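Spelled out, the chains give:
Protein chains: 2
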Amino acid sequence: MSGPNDITTKNNRKPDTWIERLTRRDFITLASAAGLVAAGGLTAGPLFGCSSRETAEIPPQKDIAELISRVSPPLGYRPNVVVILCDDLGYGDIGCYGGRAIRTPAIDRLAREGVRFTDFYACNALCSPSRVGLLTGRYPLRSGVTWPLWPLSETFRRKFVRRLGNGIFGKLGVADMGPESSAEGLGPEEITLPEALKVAGYRTGMVGKWHLGDFSVKPEYNPVRHGFDFFYGLPHSNDMFPCALYRNDEELEADIGTNQARLTGLYTKEAVDFIEEAKDGPFFLYFAHTFPHQPLYASEEFLHKSAGGLYGDTVEEIDASVAEVLKCLERNGLADNTLVIVTSDNGPWFEGSPGGLRGRKGQSYEGGFRVPLIARLPGVIPAGSVSEAAAMNIDLFPTCLALAGLSGPADRVVDGADITELLTGREKEPSHEAFFFYHHDGLEGVRSGKWKYFRNINHYVYPLPVDKEDTPIGRMGRGRLGRWPLLYDMDNDPDESYNLIDTYPEVGQQMLSVMEAWEKETADNPRGWIR
Amino acid sequence: MSGPNDITTKNNRKPDTWIERLTRRDFITLASAAGLVAAGGLTAGPLFGCSSRETAEIPPQKDIAELISRVSPPLGYRPNVVVILCDDLGYGDIGCYGGRAIRTPAIDRLAREGVRFTDFYACNALCSPSRVGLLTGRYPLRSGVTWPLWPLSETFRRKFVRRLGNGIFGKLGVADMGPESSAEGLGPEEITLPEALKVAGYRTGMVGKWHLGDFSVKPEYNPVRHGFDFFYGLPHSNDMFPCALYRNDEELEADIGTNQARLTGLYTKEAVDFIEEAKDGPFFLYFAHTFPHQPLYASEEFLHKSAGGLYGDTVEEIDASVAEVLKCLERNGLADNTLVIVTSDNGPWFEGSPGGLRGRKGQSYEGGFRVPLIARLPGVIPAGSVSEAAAMNIDLFPTCLALAGLSGPADRVVDGADITELLTGREKEPSHEAFFFYHHDGLEGVRSGKWKYFRNINHYVYPLPVDKEDTPIGRMGRGRLGRWPLLYDMDNDPDESYNLIDTYPEVGQQMLSVMEAWEKETADNPRGWIR
Chain G
1 MSGPNDITTK NNRKPDTWIE RLTRRDFITL ASAAGLVAAG GLTAGPLFGC
51 SSRETAEIPP QKDIAELISR VSPPLGYRPN VVVILCDDLG YGDIGCYGGR
101 AIRTPAIDRL AREGVRFTDF YACNALCSPS RVGLLTGRYP LRSGVTWPLW
151 PLSETFRRKF VRRLGNGIFG KLGVADMGPE SSAEGLGPEE ITLPEALKVA
201 GYRTGMVGKW HLGDFSVKPE YNPVRHGFDF FYGLPHSNDM FPCALYRNDE
251 ELEADIGTNQ ARLTGLYTKE AVDFIEEAKD GPFFLYFAHT FPHQPLYASE
301 EFLHKSAGGL YGDTVEEIDA SVAEVLKCLE RNGLADNTLV IVTSDNGPWF
351 EGSPGGLRGR KGQSYEGGFR VPLIARLPGV IPAGSVSEAA AMNIDLFPTC
401 LALAGLSGPA DRVVDGADIT ELLTGREKEP SHEAFFFYHH DGLEGVRSGK
451 WKYFRNINHY VYPLPVDKED TPIGRMGRGR LGRWPLLYDM DNDPDESYNL
501 IDTYPEVGQQ MLSVMEAWEK ETADNPRGWI R
Chain B
1001 MSGPNDITTK NNRKPDTWIE RLTRRDFITL ASAAGLVAAG GLTAGPLFGC
1051 SSRETAEIPP QKDIAELISR VSPPLGYRPN VVVILCDDLG YGDIGCYGGR
1101 AIRTPAIDRL AREGVRFTDF YACNALCSPS RVGLLTGRYP LRSGVTWPLW
1151 PLSETFRRKF VRRLGNGIFG KLGVADMGPE SSAEGLGPEE ITLPEALKVA
1201 GYRTGMVGKW HLGDFSVKPE YNPVRHGFDF FYGLPHSNDM FPCALYRNDE
1251 ELEADIGTNQ ARLTGLYTKE AVDFIEEAKD GPFFLYFAHT FPHQPLYASE
1301 EFLHKSAGGL YGDTVEEIDA SVAEVLKCLE RNGLADNTLV IVTSDNGPWF
1351 EGSPGGLRGR KGQSYEGGFR VPLIARLPGV IPAGSVSEAA AMNIDLFPTC
1401 LALAGLSGPA DRVVDGADIT ELLTGREKEP SHEAFFFYHH DGLEGVRSGK
1451 WKYFRNINHY VYPLPVDKED TPIGRMGRGR LGRWPLLYDM DNDPDESYNL
1501 IDTYPEVGQQ MLSVMEAWEK ETADNPRGWI R
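If you're matching them up, the sequences are chains G and B in order. For the first sequence, my numbering puts the final residue at 531, and the numbers step up evenly by one. For the second sequence, my numbering puts the final residue at 1531, and the numbers step up evenly by one.
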C-alpha cells in the first residue's frame, strides 16, 4: 500500500501547472518574490536537523507575473477561498448534522447550496496540531507541532505543574496533563496555504485564533510572517493567559482576560472589512473563530437565546457571523466565485455533541477527529450534495492549490490529497488509501476504507487500570479485556463499539502493516523533505 | 418535593393487601415462616448500628397459608416472573434499541409482544450496587453495597494496589482504581425480591452472576441464604479470581478460570430446568448472565458469527438463551402468565454501544445508567408498546410485589415505585419525582422530569485537570469552563452536550434543593428504617 502523498498520480490527472516542475528552491524563490521575504518569513540555516530554507535570488516581479499569467487554473478562474474554522465544534452540533438544540440556519443553508461531508476528519484531535495540518497539508509530525502550544510567557509554576503531569501521571497512564510539542511554533521552513496561494496572486487574510506560536513573545510566529497579508486576532486559545489581541504585528491589547463576549463580533467586522478590501481578488480568508472553545462567552444579542445553553449561544453567534460573511460575498458579487468552507479543528471538549460518536476532543475515537465539513462553490459543487467519502483537513491545502492552478511544492511530502473531485461529486471514493490517527507523537491508529484499527489508544482503558499484566485481568491474556488491537467496521459500527479483531485477524494484520510501513517511512524522514 | 418512596399514595391506589398493615416484625415473622429461617436468612443482633432483624415466633404454617390465600392479587393470579439481567449490555446494543451490528431476534420479539422503555435506568453504573438495587428496591446506600465487591480471597498485593489507587490517585482526582464498599456483601437485614415473593408462595431460583458477596469464602452471602430456593452460578464477575462455580451451597469448581465459553449454555440449561421444575408456580427466576462483561467468551456455535465481534457473539448467544427460555415457557403453557423482563445492570464498559448517549459504565452520564428494559406479560402489557417515562431498576421490587398481591415491607423505606401502570401503558408519567445518580457513596446528580442536574461528576473534567483554582482556567470562575453545576434538558439534548445552568439558573437551584433535601433525609437515616 503506498503512502497517501501521491496527489497527482492517484487522482490520475495530468499535471497542468508549472509549479510542479519547480525544485524546492525554485518554489521558494517564487514564493519569496510574491512577498514572503518582505513579510520576513524566510530564514536560512538548518531546522530540526533535517532541512533548511535558503535565501535565494529573487527574480524580477514582472517575470513572476508573467509566469503566473501563463498558468490556467482548472475552473478557468481562481476562486476566492474562505475557510471558516470553529474551535471544538462537535460533529453533532449543527442542524444539518442532526443537532436539535442549536439553530444554525446560515451553515445549514451553505449545506443546502453545497456539499456536506459525513466522514471528514481533522488531522488531529487537538487545536494546534489540527491547525498546522490544515495550513500546511501535512500531518503535524512534519512540523513538530504535535500538541497544543502553551503561551511562551507562562509562569515557571504553571510549566512545572504541566511537566509534572506529563512526567509522572503521564507515565503511569492515569493522566495526560500536557506534554510539550517538540516545536514551539510554526517553523519558517513550512509552506502555508496562504504562502502558496500568494504565488498565484492571492491576497491573504486571517482573523481569529492562531495557536501556531506565541507571537506576543516571539514575533516570528505572527501570521503575517507566514503568508498572511493581514491578521487580526489572538495568539492562542482563550483559556491561555496572557492572551493578547493583535492587528498584524501591532498589539492592541496585552490580555483579553475575560472580556471575550465581543470577540465574535470584532472578528466578523474585520473579516467583512478584509473581503471588502480584497474583493477584486483572488483572495484567501482564514477565519478561525475562538468559540465554542471554553470558556464560553456570547454577546448580549445572543446570550441565553439558544436551547443549547451558553455553548449554543456562541454557536448561534458564529452562525450569524457566517450569515454576515455570506451577505458580504453576495453584496460584492462574490458568491459565485468564492469557495466557502465551514469546519472544526477537532471534536467537542466538555460541552458540545459528538453526534453519537465515541470519544471527544483529545481522543483518537471518531468523536475526537470527525468534524463537520461543508463547502459551497456554486456551479462547481452540486447544491445539496452529500459525500460519504472519508477526507481530512490536510486535503484543503492541495485542493485550494489545485483550484488556484498550482500543484504542491516539489521539495516536500504533502500528506493531503486534492479532493476537488469529491467536492464536485464526480468521485465517491476517498483520495487516501489510509488516514492516520496520532495522539501527540504517538501513532495510535489508521483508517482505510471501512476499517479503523487501533494498535493502542490513549484513554481507552477507562476508568479502571486493567492494562497491567499482574492484575487479575492480566491473566486473561492480551486483547481479551478491552485491549488492543482494536478493529472497527465503520459501516456497521460508527460509534466504535465492537472490536472485530478476533473475527478478522487478517484484516488487523493488514492494517498493522499499513501503520508500520507508514511509521518506517516517517521515521526515516519525519519532516518529509524530498531531496 | 417528597421522596420517591410513597409507593401506594403516589399511585393513588387503595392498598389491597394485608401485608402493609404488618409491622416489620410481623413481616419478618411471615417471611420466616415461608421458609427463610430454613434457608438461614435470618440473624439476630444489630447490623451497621442502625437496626436489627429479630428472631421471632413463627406462626404455624397453616396460618400463613390461610393468610396468603385471602390475599387477592391485582390480576386475579400471581404471575410468574423471569428477570433476565445482562451484564454491561449497552443501551444501543440490541436491535429494538437501534443496534445494527448484533442480531437479537428473541429480545426484539419480546419487545414486539410487550413494552420497551426508552428511559429506563439502572440505579447505579456499576455491577454490585446496581444489583442490590434491583433485588431490594432500594438505592445502594441503604445496604452499603456502593461499589463492585471484590473477592474476599484476594491477595494482599492486589488489595494494596487497589487501595493505593483509591487513596492517592483517587484523592488527586486522576483515577478511580476502586474504593471499597462499606459492606462486604448483602446483609441479612435486607429483604430481597425472592424473600418477599416467597411470602406469597413463589418458588424462587437464581442462575448466573451474584456479585453481592463472596460466598465461596463466606457462605452467609450465598443466594440461597437470601431468598433463593435454588442457585447455580458464580459469586462475582468473570474478571475476578478465583471465581468458583456453585450449585446452591455446593462448590462445583473452585475457579472457572478462562474456561468460560460454556457459561451461557450451562446457565440456560439450569434456568430451563428450574422453570420445568417450578412450572406449577408461581415462580420467580432471576437469570443474571455473565456476559457481555469482559473478558468475552462465546461457545463454538456462536464464535465469530456476529458483526458485533466477540462482544456481539456473546450477546447473540444470550439472545439464543432468551429464545430457549421463551420456548420453555411456551412448551409448558406459561407464556401467558409469566412476566418476562430483559434488562442490563449498567452501560457498556470497553465494548458495547451506549446508543449515542454520553458516557459509559461507571459514569453518571446516561451512557452509564440508561439501559434497555423490555417487559412482556400478554393480556396485561400491550404488545409493541413503548414507554418514554423514566423508571429505574429499583422499581422492579415493588412492582413484582404488587403483582404478587403484596405491598412493600412496612419497616423500611423502599425507594422504588410500583410501575405496573407504566407497564400497562395506563400511565405515561414517571412514578418518581426524582431519580438520584450516585458514584460510590457520592450523590452526583438528579433527574426530575426533563431536567438532569449534576452538582459534580466523576470523570467529567477530561482529560485535562482544569478544576484547580490556580490554573489559568481557574481565573475564569466556576461553572465557566466545563464545570459544575451542569443542567441538561433531556428532551432536547439526550446526549448531555449543553449545560443550561446559565440560561435557567432557577431550575438549577430547584434541582439542587431536591438533592439537598434527599441528602438530608438519607444522612439522617441512611438505612431507611422506619421505626
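Mixed in with the good hints there might be a few duds.
Quick list of the computed label-pair ranges, beta carbon to beta carbon [stated by the list, open to error]: (1) A1517/B x K218/G: 22 to 28 Å; (2) P382/G x Y1504/B: 55 to 61 Å; (3) D255/G x Y1504/B: 54 to 60 Å.
List time: in silico SDA-like cross-link candidates among lysine to any residue, alpha-carbon distance up to 25 Å [said to hold, decoys possible]: (4) K305/G x Y1504/B; (5) K305/G x K1450/B; (6) K1450/B x T522/G.
Below, a sample of chain G positions facing chain B; criterion: calculated Cβ distance under 10 Å [what the hints assert, rightly or not]: (7) G92; (8) G95; (9) C96; (10) F350; (11) V380; (12) A383; (13) S385; (14) P485.
Keep in mind that the hints were calculated from the coordinates and are not lab data. Predicted model, so just to flag it, every value in this text is computed and none were measured. Quick reminder that beta carbons are idealized off the backbone N, C-alpha and C, glycines included.
Tested hints:
At roughly 56 Å, the beta-carbon separation of A1517/B and K218/G lies outside the given 22 to 28 Å, and the hint is violated. In this structure, P382/G and Y1504/B break the distance hint of 55 to 61 Å, their C-beta atoms being roughly 42 Å apart. Range check, D255/G to Y1504/B: Cβ separation about 32 Å, and the 54 to 60 Å hint is violated. This hinted pair checks out: K305/G and Y1504/B have alpha carbons roughly 11 Å apart, not beyond 25 Å.
Pair hint K305/G plus K1450/B holds up; C-alpha atoms about 19 Å apart against a cutoff of 25 Å. For a cut-off of 25 Å, the pair hint linking K1450/B to T522/G is broken: about 51 Å separates their Cα positions. Because the beta carbon of G92/G sits about 7 Å from the nearest beta carbon in chain B, less than 10 Å, this interface hint is met. Given the 10 Å rule on beta carbons, the hint for G95/G is violated: about 13 Å separates it from the nearest Cβ of chain B.
With a least beta-carbon distance of about 17 Å to chain B, the hint placing C96/G at the interface is violated under the 10 Å criterion. A cut of 10 Å between beta carbons decides the hint on F350/G: the least distance to chain B is about 3 Å, and the hint holds. Given the 10 Å rule on beta carbons, the hint for V380/G is violated: about 34 Å separates it from the nearest Cβ of chain B. Annotation: A383/G was flagged as interfacial toward chain B, and the flag is violated, the nearest CB pair being 29 Å apart, outside 10 Å.
Residue-level restraint check for S385/G is violated (minimum Cβ-Cβ distance to chain B is 25 Å; threshold 10 Å). The beta carbon of P485/G comes no nearer than 12 Å to any beta carbon in chain B, farther than 10 Å, and the hint placing it at the interface is violated.
In summary, the numbered hints that this structure violates are 1, 2, 3, 6, 8, 9, 11, 12, 13 and 14.
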